[in-house]
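Participant: Sequence:
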Amino acid sequence: MVRPAPSAERDGLGVRFQVAASVTRAVARPFARKAGDPLYRPLKVYTSDPAASRMEAAVTLINVPYEPLAPGPDGSLFKVDSQDPQQNGNGTGIYPPGELPADLTEFLAHAASSLAGHFQALMIRAVDYCPPVDITLGEFLRALVTADYDLVPDDPWGYREALIDAFSRRAIYPRHVPTLAEDALLWRAPRRVMPPVIALDAAHLVFDCDMACGAAPAELTRQARALGEFATRPEHLQEFGLLSGSEAEALGGRAELPVVASVRIARRAGPDGQIVNDLVAEITQQVMMQPGAGKADYALVGGTTVILGPNGEIRYLISKSAVGSERIQRRRAFLDSLQGRQFWQLRGTAYQEKRPLYEALHAGA
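Everything in the sequence shown is counted per the working numbering, starting at 1 for the first residue and increasing by one.
Some clues are possibly wrong.
Said to hold, decoys possible - In silico EDC-like links for lysine to aspartate or glutamate, alpha-carbon gap of 20 Å or less:
1) K295 to E326
2) K354 to D134
3) K354 to D336
4) K295 to E239
5) K354 to D278
6) K295 to E249
7) K295 to E353
Claimed, not checked - Computed Cβ-Cβ distance ranges for the label pairs, DEER-style:
8) H176 to L357: 22 to 28 Å
9) L115 to E247: 46 to 52 Å
10) G158 to L338: 38 to 44 Å
11) P153 to L357: 35 to 41 Å
12) R315 to A360: 31 to 37 Å
13) H176 to A266: 24 to 30 Å
14) P196 to A109: 44 to 50 Å
15) A350 to R188: 33 to 39 Å
16) A112 to R169: 17 to 23 Å
17) G270 to L220: 26 to 32 Å
18) R225 to V301: 20 to 26 Å
19) A109 to D155: 23 to 29 Å
20) A350 to L115: 46 to 52 Å
Keep in mind that the hints were calculated from the coordinates and are not lab data.
In this text, a Cβ means the ideal position worked out from N, Cα and C, and glycines have one as well.
Please build the complete structure, drawing on both the sequences and the hints.
Facilitator: Below, the structure is given as structure tokens:
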């Protein structure tokens, strides 16, 4: 896309245009200006901007200096060529409907591939920002927004805006979020002030050879024990989405011991080359609900995803309690529904899965 410069001038070859900021970092081929060459030369630019051409998807002839053709912070151009009748058969600079020049096709394919790669990396990063159990699409949206914000706070390309709009158009909303504003969707730091987990800061982590190799089993066990001891302190249970035995009994259930399911290093590279290293862990806890009065028992699983910074500080606690946010009522209603009976069956006095849910999902059940 090109737009006329604020002080556009006309000469014998046409209007001098400046490159719009909306196409910054687009691929362009630099050209060297030789001695004796004019300061400006006529070039074809593929554009749908009515300021540049009256025809959509047409090619307009403009004058640009040699120097700004190289990519830079002020923007760059699509592939451009001199207007040669041999290139399109009629010398008008306008290609027949449905036909794209090879250079423009190559440019668009490269741009689409690059964009897809960026979104793929974002989707993978977002997994570290999801709760460890019962992930909803609304929660995945929050994970996407937070994961991208952590690496690119200013969002110059509008990725987060596009994601939020795409989820909104499909009526996918996270629970307990007042608006779809970016600030409202970000996961938050713990509500209460917590000390750092010194045993899990960067100075105390030990790796087999380097960070990319991961930790040995003994070191992983040490890390899990340190985190488990911290999370199960009475004053921390609620923040970590965990229940004490007495709290579970008061709700008619039996809480099992929490399990540190995983501890791993997340190494992320930002678009400007910055490297961010976090420690990501998942803690889960199963609560067996025992309604009594002839009703079958059923299990609920809760827990939290913990993201710690290099100093052992807790950056995020993405928790989902086994009994929080009306999960007991929703699970009970699902088990009693026709859809729930496709996956769960009554064995003895408790509900059990007919087969592993991931197996059922991939089998198309």
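Participant: All the hints need checking, so say for each whether the structure fits it.
Facilitator: Outcome of the hint check:
Between K295 and E326 the alpha-carbon distance is near 18 Å, which keeps this suggested pair within the 20 Å criterion. A C-alpha spacing of about 18 Å is found between K354 and D134, which places the hinted pair at or below 20 Å, so the restraint holds. Straight-line distance between C-alpha atoms of K354 and D336 comes to about 15 Å, which keeps the hinted pair within the 20 Å bound. Between K295 and E239 the alpha-carbon distance is near 31 Å, which puts this suggested pair outside the 20 Å criterion.
Taking the CA atoms of K354 and D278, the gap is near 38 Å; set against the 20 Å cutoff, the hint is violated. The suggested pairing of K295 with E249 holds, with an alpha-carbon distance near 17 Å, which does not exceed 20 Å. The suggested pairing of K295 with E353 holds, with an alpha-carbon distance near 17 Å, which does not exceed 20 Å. Taking 22 to 28 Å as the suggested C-beta distance range, the pair H176 and L357 conforms, at roughly 25 Å.
With their beta carbons about 47 Å apart, L115 and E247 fall inside the hinted range of 46 to 52 Å. Between G158 and L338, the C-beta spacing of about 43 Å keeps the proposed range 38 to 44 Å intact. In this structure the hint that P153 and L357 lie 35 to 41 Å apart at CB holds, the actual value being about 37 Å. Distance hint for R315 and A360: a CB-CB separation of about 35 Å, consistent with the stated range 31 to 37 Å.
A C-beta distance of roughly 26 Å is found between H176 and A266, which places it inside the suggested range of 24 to 30 Å. For the pair P196 and A109, the supplied restraint of 44 to 50 Å holds, since their beta-carbon distance comes to about 47 Å. At about 36 Å, the CB distance of A350 to R188 agrees with the hint of 33 to 39 Å. Checked against the given bound of 17 to 23 Å, the beta carbons of A112 and R169, roughly 21 Å apart, stay inside it.
Range check, G270 to L220: about 27 Å between beta-carbon atoms, so the 26 to 32 Å window is met. Take R225 and V301: their Cβ atoms lie about 21 Å apart, and the range 20 to 26 Å holds. Checked against the hint of 23 to 29 Å, the pair A109 and D155 passes, with Cβ atoms roughly 25 Å apart. In this structure the hint that A350 and L115 lie 46 to 52 Å apart at CB holds, the actual value being about 49 Å.
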